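With these hints in hand, go ahead and build the complete structure from the sequences.
The listed protein sequences derive, respectively, from chains V and A.
Under the working numbering, read the first sequence as residues 1 to 376, first letter to last.
Under the working numbering, read the second sequence as residues 1001 to 1376, first letter to last.
Since the hints were made in silico from the structure, they are not lab data.
A quick note: this is a predicted structure, and the numbers were derived from the prediction, not measured.
Cβ coordinates follow ideal geometry from the N, Cα and C atoms, glycine included.
You can trust all of the hints, since none of them are fake.
Dumping the calculated DSS-like pairs for lysine-lysine here, alpha-carbon to alpha-carbon at most 25 Å: (1) Lys-1218/A - Lys-278/V; (2) Lys-1012/A - Lys-1149/A; (3) Lys-299/V - Lys-309/V; (4) Lys-1218/A - Lys-206/V; (5) Lys-1367/A - Lys-265/V; (6) Lys-1278/A - Lys-218/V; (7) Lys-1250/A - Lys-195/V.
Going by beta-carbon spacing under 7 Å, a handful of chain V positions derived as facing chain A: (8) Asp-196; (9) His-204; (10) Ile-219; (11) Ala-222; (12) Ser-233; (13) His-337; (14) Tyr-359; (15) Glu-360; (16) Ala-363; (17) Lys-367.
2 protein chains.
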Amino acid sequence: LLSKQTAKPKEKISIIIGDYGPMWVYPTTTFDCTVADPKKGSKMYGLKSYIEYQLTTTNTNRSVNHRYKHFDWLYERLLVKFGLAIPIPSLPDKQVTGRFEEEFIKMRMERLQAWMSRMCRHPVVSESDVFQQFLNFRDEKEWKTGKRKAEKDELVGSMIFSTIEPEGPELDMIEVEQKCEAVSRFTRAMDDGVKDLLNVGQEHWKRCTGPLPKEYQKIGKALQNLSLVFSSSGYQGETDLNSAITEAGKTYEAIATLVEEQPRKDLHYLMETNHEYKGFLSCFPDMISAHKAAIDKVKESDKLVATSKITQQEKLIMVKRVSTMSYALQAEMNHFHSNRIYDYNSVIRLYLEQQIQFYETIAEKLKQALGRFPEM
Amino acid sequence: LLSKQTAKPKEKISIIIGDYGPMWVYPTTTFDCTVADPKKGSKMYGLKSYIEYQLTTTNTNRSVNHRYKHFDWLYERLLVKFGLAIPIPSLPDKQVTGRFEEEFIKMRMERLQAWMSRMCRHPVVSESDVFQQFLNFRDEKEWKTGKRKAEKDELVGSMIFSTIEPEGPELDMIEVEQKCEAVSRFTRAMDDGVKDLLNVGQEHWKRCTGPLPKEYQKIGKALQNLSLVFSSSGYQGETDLNSAITEAGKTYEAIATLVEEQPRKDLHYLMETNHEYKGFLSCFPDMISAHKAAIDKVKESDKLVATSKITQQEKLIMVKRVSTMSYALQAEMNHFHSNRIYDYNSVIRLYLEQQIQFYETIAEKLKQALGRFPEM
Chain V
1 LLSKQTAKPK EKISIIIGDY GPMWVYPTTT FDCTVADPKK GSKMYGLKSY
51 IEYQLTTTNT NRSVNHRYKH FDWLYERLLV KFGLAIPIPS LPDKQVTGRF
101 EEEFIKMRME RLQAWMSRMC RHPVVSESDV FQQFLNFRDE KEWKTGKRKA
151 EKDELVGSMI FSTIEPEGPE LDMIEVEQKC EAVSRFTRAM DDGVKDLLNV
201 GQEHWKRCTG PLPKEYQKIG KALQNLSLVF SSSGYQGETD LNSAITEAGK
251 TYEAIATLVE EQPRKDLHYL METNHEYKGF LSCFPDMISA HKAAIDKVKE
301 SDKLVATSKI TQQEKLIMVK RVSTMSYALQ AEMNHFHSNR IYDYNSVIRL
351 YLEQQIQFYE TIAEKLKQAL GRFPEM
Chain A
1001 LLSKQTAKPK EKISIIIGDY GPMWVYPTTT FDCTVADPKK GSKMYGLKSY
1051 IEYQLTTTNT NRSVNHRYKH FDWLYERLLV KFGLAIPIPS LPDKQVTGRF
1101 EEEFIKMRME RLQAWMSRMC RHPVVSESDV FQQFLNFRDE KEWKTGKRKA
1151 EKDELVGSMI FSTIEPEGPE LDMIEVEQKC EAVSRFTRAM DDGVKDLLNV
1201 GQEHWKRCTG PLPKEYQKIG KALQNLSLVF SSSGYQGETD LNSAITEAGK
1251 TYEAIATLVE EQPRKDLHYL METNHEYKGF LSCFPDMISA HKAAIDKVKE
1301 SDKLVATSKI TQQEKLIMVK RVSTMSYALQ AEMNHFHSNR IYDYNSVIRL
1351 YLEQQIQFYE TIAEKLKQAL GRFPEM
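Listed below in C-alpha cells is the structure:
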C-alpha cells in the first residue's frame, strides 16, 4: 500500500468520470476472439496427447493455437495481476477422465469461448500486455519470451493500483467505505440469487430430460396401444378413429422428444450465463477484503503518525491509494453492471423466445392430431 | 338353462339384425336423467343424516329424490336381472368418512350422473320396469310397491335369456364359441389397455398437480428475486429490465397455476371415461363364464341324451338357448362398441382441444412477458 514504485508510462490505466460515475476508458476499437477447431495433438513421440484449440482474433484475423493448460496459465497471470481490482472468472473445470470425448470437448470449447469473449470485452484486461501477447505471438519463440516476461511482471496484486490514474478528485473516506459496503452487499445478494436460479434450473433440467418425457412417452404408448386393441374389435367403421388415436399417441411421443431436447435450446443458455456470473461473483470476497484492509489501514493512520510509525506524507499517499482503489472498484462495478444488464436481458429474452416457440410447436402438433379425429 | 318358463309378453326383449349384425331394438324416444341439487336430509328426528339427490327425467321433466343407498339398490337389481347379458358397471365407491364434504358430494354426484346417463342410454336397461319405476314413481307408496315387485322378480340371472327373442336363425355352435372367444379376448385386451392408460394418467396427474407447478413457482420466485437484487444495484437505467424480469417471474407463477389446474380440465374427463369403461370391462369375466358354462353343457348334451339323462327335446332347447345367449352377447357388444367409439372419440377430442388451449395460453402469456423486455 505504501509502495512508491511508479509504472512505466505504457502501463497507466486511466479512469474517467462518465454519466454513471467512474469508468474505465474503453478502447476505440474492440475485438473478439473465436475458439474453434479442436485438434488432437501429441508430444514426446505420441506418448502425451492433448487437445489444441485455434484462437482467432477478429480484428487481425490471425490465429494462434492454445491448449487448455495455456488458458490456465493465462488465467493465473490475469488473476495475479488484476485479481484485486477486476473479477477474473475461473476457467471451465479441469477434468481428467473423458477429456477426449466429443461432447466434453464441445462443451469445454463453448465455455473457453465464453471466457475469452468476456476477457476481450474487458477494457483493461483486453489491452494488457499479457492478454495481447497470448493472442498475437508470431512463433514459439515469441510466445516463450512473452510468457517469461509476464511471469516476471512485478505490477501485480495490490501493486496494480499504483498504475491506476483516476481523473476525479480524491474521495472522502466515508464515501469510500459506503461504496465498498454497497458492492459487498450487492455481490453477496446477487451470488445468492444466481445460485438459487442455478439450483432451480438444474432441478428443472433433470425433470425435463428425465421423468417428464418418459411420462409423455408412456401416454403416447398407452394411446397407441388402446388404438391397437380397438382395431381388434372386429367392429366396422372405426378405422378413422383408431388411426386418429394412433396419431395422437405418436404426437405425444414427439412431444416427449421436444420436451427432452428443449433445455438444450433455452435453459442451457440461462444456466451458462448464471454459471459465468457465479464465477465473477466468487471473485468479490477477495477484492472486498483487500479494500477493507486498506480502509482499515487508513483509519489507524492518524495513530501511526502520532506515534511516528509513518510520516504525514506517507499517510497522504495511503489515503490517495485507497481513493484510487475506490475509483477502480466503482469503474469495475459500472463495467460489471452494464454487462450484467446486457447479458441478462439477452439471455432471458432468448429463454422466453425459445419457450414460446416450444409451446407453440406443441400446440401446433396437437392441432394436427386433433384434425384427424372424425366428426360424429 | 333348461327352464321352460316363458315370460309375460310385456317382458320380451327383441334382437333384430342390423347393418353390424345382431342388435337390441332401440326405443324411438330416448331420455336422459339429470342428477342434481344434493340436499342434506335426516331421519329419526335428526339422528341419521344423508344426502339426497334430485333426479329429473328429461322426457317427462318430472323429478324424484334418491339417496346413494337407493342407487345401490337399483344397481343390485339391475345386476341380478341383467348381469349375465349386459355389463352393469358398479356405482362410484361407497365412502364412510368425509361423505358430507362438498368436494366429495360434487364428485359423487358427477359419477352418479354419468352412471345414470349410461343406464338411460341402454335400450334394454332403460326400458326395464325396475329402471322406469326408479325414475317415475309418484309417491312413497308407489316407490315401496315397485321396490317389492322388483325384489320378487324371478326373471333374473340366466332366466333373462328366456325373455330374449332374436329374429335370426339359430346359430351354429362353432360360431357361438368363436364369438364368445372373440369377446373374451377383446374385453381382456381392452381392460389391460384401459388400466394402462389409467395408471399413466394417474402418474401424470400427480406430477402435474405436485412437483411440476412447484418447480414453475420456484422459477418464478427465482426470477423475481433476481430482479429484486438487480434493483438494489444503484445502477441507473435498468428499471425497464428489472420490471420485465419481475413480470417474467410472475408469468412463471401464473404458468404454475395453469399447470396445476389443467388436469381438472382435460385429464379428468379422460380418466373418468376410462374409469367407467374399467367398470364395464370388469363385468365381462362373469358374463363370459356363464356363456362358456352353457356352451360346455351343450357340448356334453349328446352324451347326456345317449345316457338318457336328458331328452332330445331338452337338448334342442339347450342349443336354442345358447344361440339366444350368443345373439344377446353380440347385440350387447354392438351396443358397447358403438358407445365406446363415440365416447373415446369425444373424450380424446376434448382432451386434445383443452391441451391445445393450455399450450396456447402459456405461449400467449410468455409473449406478453417477452414484450416487456427492452430492446438493446
